[in-house]
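Chemist: Chain residues, written in single-letter form:
Number of protein chains: 2
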Amino acid sequence: MKQIAILGPGLLGGSIALALRERGGAHVRVWGRRAAAVEEVRAAGCADVASTEIASVVGGADVVILATPVGVLPELAREVVRHASPSALVTDVGSVKAPVAAALTPIFEGRARFIGSHPMAGSERTGLAAARADLFSGAVCLVTPTKETPAETIDDATALWEGLGGVVHVLSPVAHDAAVAWISHLPHLLAATLVNTVVARDPAALALCGPGFRDTTRVAAGPPPMWTEILAENHGAVRVALEALIEKLNALATLLDRPPGERDPLMHDFLTQAKAARDRLRIPAARHHV
Amino acid sequence: MKQIAILGPGLLGGSIALALRERGGAHVRVWGRRAAAVEEVRAAGCADVASTEIASVVGGADVVILATPVGVLPELAREVVRHASPSALVTDVGSVKAPVAAALTPIFEGRARFIGSHPMAGSERTGLAAARADLFSGAVCLVTPTKETPAETIDDATALWEGLGGVVHVLSPVAHDAAVAWISHLPHLLAATLVNTVVARDPAALALCGPGFRDTTRVAAGPPPMWTEILAENHGAVRVALEALIEKLNALATLLDRPPGERDPLMHDFLTQAKAARDRLRIPAARHHV
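One line per chain: the protein sequences are A and B, in this order. Residues are numbered in my numbering as their position in the first sequence, beginning at 1, plus a constant of 2. Residues are numbered in my numbering as their position in the second sequence, beginning at 1, plus a constant of 2.
If you're looking for bench data, these hints aren't it; they were derived computationally from the structure. Check before you lean on any hint, since a few could be wrong.
Said to hold, decoys possible - Cross-link-like lysine-lysine pairs, in silico, BS3-like; alpha carbons within 27 Å at most:
#	chain 1	residue 1	chain 2	residue 2
1	A	Lys-250	B	Lys-4
2	A	Lys-250	B	Lys-277
3	B	Lys-250	B	Lys-277
4	B	Lys-250	A	Lys-277
5	A	Lys-250	A	Lys-277
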C-alpha cells in the first residue's frame, strides 16, 4: 500500500486526504503545524496518521505533498528532506511555480524527486472545513517540471493528480507563472478592484446586487495573506497582464462615447467575441458558493 | 382569480409563469411573437393560455408583465395599451429603467398603471429552456417608480415580486440606472474584457482555467444583442463607473512595481477591504452554471 504524506491540512491538503481515503489503496499521513489542526484532521477521519512531527509523517512515504502557503515552503522543505526517502516523489500545490522551483529544487536535489504542481481547484473558502473529496474531479492540475526533471517523475506526478480525478497539463514553471497571471491572478485583482470600486462609490449599492456581481467577485473573498504572497511572487507577469487589460478598458471607455451607429456594432462584436470564447470553456461547475 | 399576462416567454417571462403556476391562485396567459415560442410555452405547461395575439392575452388582465428586450418595449406598449384595462398594473423587466420610463410612461398615462421593474435574477442563459420557478427566490427585485407613480401602484408591484419570492428595493429609474452601472453593467464589461484579453494573448491558456476564471467571466456568456442594448442605453453611467475602475487598476499597476516592503502591506490592505465587503454580500447561490 502506498504511503502518502500530506503536509498542511487546509482546503487543498484536506481535499487530497479525503480523495485518497475515498479512493482507497493508500496509507494517508497528515502533518499539521498546530496540535489543534491535527486534532481536526483526526476528528474528520481523513487520515490514517495525523501528527505534528514531520519525521513520523514523511519517513518512508512514497509521496510527499507540501500543501502549506508558498512562503513557508523553503523552511518546510529543509525539514522534510532530512526525513524523506530518496525515491520519494515530492510535490507542492502553490499558485506560483518559478520561485518555488528555484527555492526547492536545490534542497531536494539527489535527496528526493521534487516536481511542482498546481491544482486549479481552489476556492475563496479555506481550511479543512471547506475540503471535499471531489475537489479535483475534472479540475485542471498543472504539473511543472524543469528541464532537469526526469520523465518518470513527471509521469508519477501526473498519475497522482489523475488518480484524484484531475486533468493534467504539463508546462514549465516559468510558462505556468506567465499563464496563471492572466487566468487566475489578474481575475483575482479584477474581482477585488470591482468590489472596492463599488464600495468607494456607494456601499449601499452592494445590497442591490444580483448573481452576476456575486459570481464576478467571488474570488475576492479569498484569503488576503495568500493572495498578497501570490501577487508579490508573480508581480512582473501580473503587471503585464494588468496593463493589457487596462488598455482594452481604455478603448471601451472611448467606444462608449462614440455615436450609436459606430459604437453599437463594435460593442456587439466585442461581446460576441467574448461569448464565443467563454462558451468554449469546459470547467466543472463549482460545488460550493458563498 | 388574478389574470396575469406575460409578454415574452424568455428566461424571465418563462420563470415568472412557472413561479405563478407553482404558487397557484393566478390565471397565467403568455404571449409570444412567434408561433414556435407559443408552442414551446404550451409544451412546457407553464401557462393557462398561450397565444401570438396580444388582445386575447392582455384583455381583462389584472397584471401585464412586459418581458421582451428593451428595444421593442415602446412598440409593444403601444399595442398593449389598446387592449389593457385602465386598472391593470403594467410593468417590464428591463435592465435599464430611465429610458424605459421615459418611453412608456406617456404611452400608458391614464390608460393603465405603469411602473418599471428589474429583477436581478438574470443568467448568462436565455430562453424558456433556462426558466425556473425558483429564479426569483431570494433575488433582489428593483421597483422603479417616478415621482408621479401612485403609492398603490408601488405597493402592487412590490406585492407582485414578493409573491414570486423576491426581495424588493424601491428606487427611481435614474437612481436605478446609476446603481446598476456599477453592480451589473460594469461587471459585464469587465468579464467580457477579461476573456478577450486572455484570448488576444494566448487562447490556449483558456484550457488551463480553474473555477476562479469560470466564475469571474460567467456573465460574458450572456446574449450580445441584449448587452449591446443595455450598454448603449446606459452608456453615460457605465462610462463613469468604468473610469473609476480604470483609475484603481492604474494605481494597482503602479503598486505592483514598488519595493516589497511598500507594496505588500498596501496590497494586503486592498485585498482585505475587498474581502470584507464581499463577505457581507448576501445573495442566494446560483441555481445553474455553465
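Chemist: Determine for every hint whether it applies to the structure shown.
Modeler: Taking the hints in turn, this is what the structure says about them:
1. Under the criterion of a C-alpha separation no larger than 27 Å, the hint pairing Lys-250 (chain A) with Lys-4 (chain B) is inconsistent with the structure, at around 50 Å.
2. A C-alpha spacing of about 26 Å is found between Lys-250 (chain A) and Lys-277 (chain B), which places the hinted pair at or below 27 Å, so the restraint holds.
3. For the hint pairing Lys-250 (chain B) with Lys-277 (chain B), the CA-to-CA distance comes to about 16 Å; that is within 27 Å, so the pair holds.
4. A distance of roughly 26 Å separates the Cα atoms of Lys-250 (chain B) and Lys-277 (chain A); the hinted pair therefore holds under the 27 Å criterion.
5. Restraint check: the Cα-Cα separation between Lys-250 (chain A) and Lys-277 (chain A) comes to about 16 Å, which is no more than 27 Å; the hinted pair holds.
Comparing the model with each numbered hint stated earlier shows that hint 1 is the single one that does not hold.
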